[in-house]
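Visitor: What follows is the residue order along each chain.
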Amino acid sequence: MSPRFWRSPLRGPWFTSVLGLVLLVGITVLFVTGLVSYAAYNPDLSPVNDKTPDKGILGFYLFAWPTHPHWLYRLDQGVHVTLGITLIPVLLAKLWSVVPRLFALPPARSLTHALERISLLLLVGGGLFEFVTGVLNVQLDYVFPGSFYPLHFYGAWVFFAAFVAHALLKTPMALRTLRRLREEKNDLVPPRPAEPTVSRRGALWFVGGGSLLLFLTTVGQNADSLRRTALLAPHGGADPGSGPNGFQINKTAAYAGIDEAETDADAWRLVVTGRTGTVRLSRAQLAELPLYSSALPIACVEGWSTSDQWWRGVRLRDLAALVGYDGDPPDLFVESLQRHGAFRRAALRANQAADPRSLLALYVNGEDLSPDHGYPARVIVPAAPGVLNTKWVARLTFGDL
Amino acid sequence: MRPPRIPFGSPVQLLLLAASFPLAAYAGVRLLADDWFGVALWIVGAALLHDLVLLPLYAAADRALAAGLGAVGRRGLTMYVRVPAALSGLLLLVWFPLISGTADRRYRLATGLPPEGFAARWLLITALLFGGSALLLAVRSATGRPRRATKRRPPAVH
Numbered sequence: 001m002s003p004r005f006w007r008s009p010l011r012g013p014w015f016t017s018v019l020g021l022v023l024l025v026g027i028t029v030l031f032v033t034g035l036v037s038y039a040a041y042n043p044d045l046s047p048v049n050d051k052t053p054d055k056g057i058l059g060f061y062l063f064a065w066p067t068h069p070h071w072l073y074r075l076d077q078g079v080h081v082t083l084g085i086t087l088i089p090v091l092l093a094k095l096w097s098v099v100p101r102l103f104a105l106p107p108a109r110s111l112t113h114a115l116e117r118i119s120l121l122l123l124v125g126g127g128l129f130e131f132v133t134g135v136l137n138v139q140l141d142y143v144f145p146g147s148f149y150p151l152h153f154y155g156a157w158v159f160f161a162a163f164v165a166h167a168l169l170k171t172p173m174a175l176r177t178l179r180r181l182r183e184e185k186n187d188l189v190p191p192r193p194a195e196p197t198v199s200r201r202g203a204l205w206f207v208g209g210g211s212l213l214l215f216l217t218t219v220g221q222n223a224d225s226l227r228r229t230a231l232l233a234p235h236g237g238a239d240p241g242s243g244p245n246g247f248q249i250n251k252t253a254a255y256a257g258i259d260e261a262e263t264d265a266d267a268w269r270l271v272v273t274g275r276t277g278t279v280r281l282s283r284a285q286l287a288e289l290p291l292y293s294s295a296l297p298i299a300c301v302e303g304w305s306t307s308d309q310w311w312r313g314v315r316l317r318d319l320a321a322l323v324g325y326d327g328d329p330p331d332l333f334v335e336s337l338q339r340h341g342a343f344r345r346a347a348l349r350a351n352q353a354a355d356p357r358s359l360l361a362l363y364v365n366g367e368d369l370s371p372d373h374g375y376p377a378r379v380i381v382p383a384a385p386g387v388l389n390t391k392w393v394a395r396l397t398f399g400d401l
Numbered sequence: 402m403r404p405p406r407i408p409f410g411s412p413v414q415l416l417l418l419a420a421s422f423p424l425a426a427y428a429g430v431r432l433l434a435d436d437w438f439g440v441a442l443w444i445v446g447a448a449l450l451h452d453l454v455l456l457p458l459y460a461a462a463d464r465a466l467a468a469g470l471g472a473v474g475r476r477g478l479t480m481y482v483r484v485p486a487a488l489s490g491l492l493l494l495v496w497f498p499l500i501s502g503t504a505d506r507r508y509r510l511a512t513g514l515p516p517e518g519f520a521a522r523w524l525l526i527t528a529l530l531f532g533g534s535a536l537l538l539a540v541r542s543a544t545g546r547p548r549r550a551t552k553r554r555p556p557a558v559h
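Taken in sequence, the protein lines are chains A and B. For the first sequence, our numbering assigns the number 1 to the initial residue and increments by one for each residue that follows. For the second sequence, our numbering assigns the number 402 to the initial residue and increments by one for each residue that follows.
In short, the hints are calculated from the structure, not lab data. Keep in mind it's a predicted model, so treat the numbers as computed, not measured. C-beta: ideal position from N, C-alpha, C; glycine also. There could be a bad hint or two in this list.
[What the hints assert, rightly or not] Some residues of chain B that are not near chain A, with every Cβ distance over 10 Å (derived):
no., residue
1, 473
2, 528
3, 536
[Said to hold, decoys possible] Which chain B residues face chain A? A few, computed with CB under 10 Å, are given here:
no., residue
4, 417
5, 433
6, 436
7, 476
8, 487
9, 495
Please model the complete structure; the sequences and the hints are all you need to start from.
Guide: Shown next as structure tokens:
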């Protein structure tokens, strides 16, 4: 395609450099918050937490996920998803600004250039893959080819490998372009520009306006008081109900396949197993144990969260003490009544079980848990991802995993 | 006679790529482990769909808009149409599953939330965007402020 085909007077090193530097910072934050979020699942603790058992050295940085501050996961994943959505216009504009190079001839000027073009396929294809899988997953549209966790995690590494090489190569040039006020001159500047309809600065405001619009219609799904402002976000708008149990639900009892007969007061027993054997407790017996309160949020991998809810129940460490771990609770294996769901069995680390705010909650905001929030009992742990706060708990097994 | 030399290119860049490809391959093998064809199709398809379908479509629409307004001597109005149209299209692109309802049964069952409102809200936002643009144009026309959309000189220096 002849360079004369490209007409936009906006294209040139300045526009591309500004967008590139925004993406440099933004995508680095996305990558880091993504890795941190991955660590929050404690994938190295137990196979049930690990959706990527073949990760090998890609899990090199994993660490025991802390319980302080209690909003850690809420903040990290909220930033990851909200920023990712906000960056979409910048990504699209950046790709638009360099599209003439896709059609530049000759296709490869040198051996290095040929390899660079392969790397650019990983950069563009991998980047779009990450954005598309993320955007589809938060809308529960699971059309991508496989399970979200491995696709998004391994895809991120493929993309990031190409991204780092690209950033190291191009950032110095981009910084030079912005520092020096020089004439716009490179292969992106059209030889035969059309009459401008907007200045470069105006175009940048336009891209920023797109980001702002997405941000303002999304960010509210991270706080109950702002939720109505998140007009198009999946957990924006109204809450699913009113009253103490009215707050946002990740998966309802119906979706998880909970049978009411199993949660009935006569049928349901919590089975707690540990060093000294097994204890079975009805909900009434649990309610007679010392009860404690914790103000903790529900924070989902899909990038929405609730404000702190007031949970009340039995401390996990007190349940550990019932089965022989007095004062030193070990790791904990939690099993739910739910039929479906990747995390119907989940593992918590000793530090999570030991935290005095970690509860097997029976009540929320002063009422019994509703079926959709995990009646008869659910786990709630500070700073843990939503799916590790197991609902409809049937069995707790204390012991090293 | 020597065979023609293949140009080598920047050695620094070559080394960078040589460091990047093994990491990409290490993760790529794992990414492709389950459904290699499906995943490869998605990655290559995402790049091709964007570069060869989405971008040409919106660029052609934009050219047609500027040319159409230019033909009636109102090229200066381009941004008043381009901005609301692009912002509305952007929202549709990002939230297409919710707006079109492709996963509405799962959405309702999983979250307990009604899936119907998204299309209506998107339409209302679109109406607001175009309405705001019209209002801005009317105010600017009434106050006689010149539309500073076109600069003669290429805006090279910032």
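Visitor: When the structure is checked against the list of hints, which entries are broken? Sort them ascending.
Guide: Failing hints: none at all.
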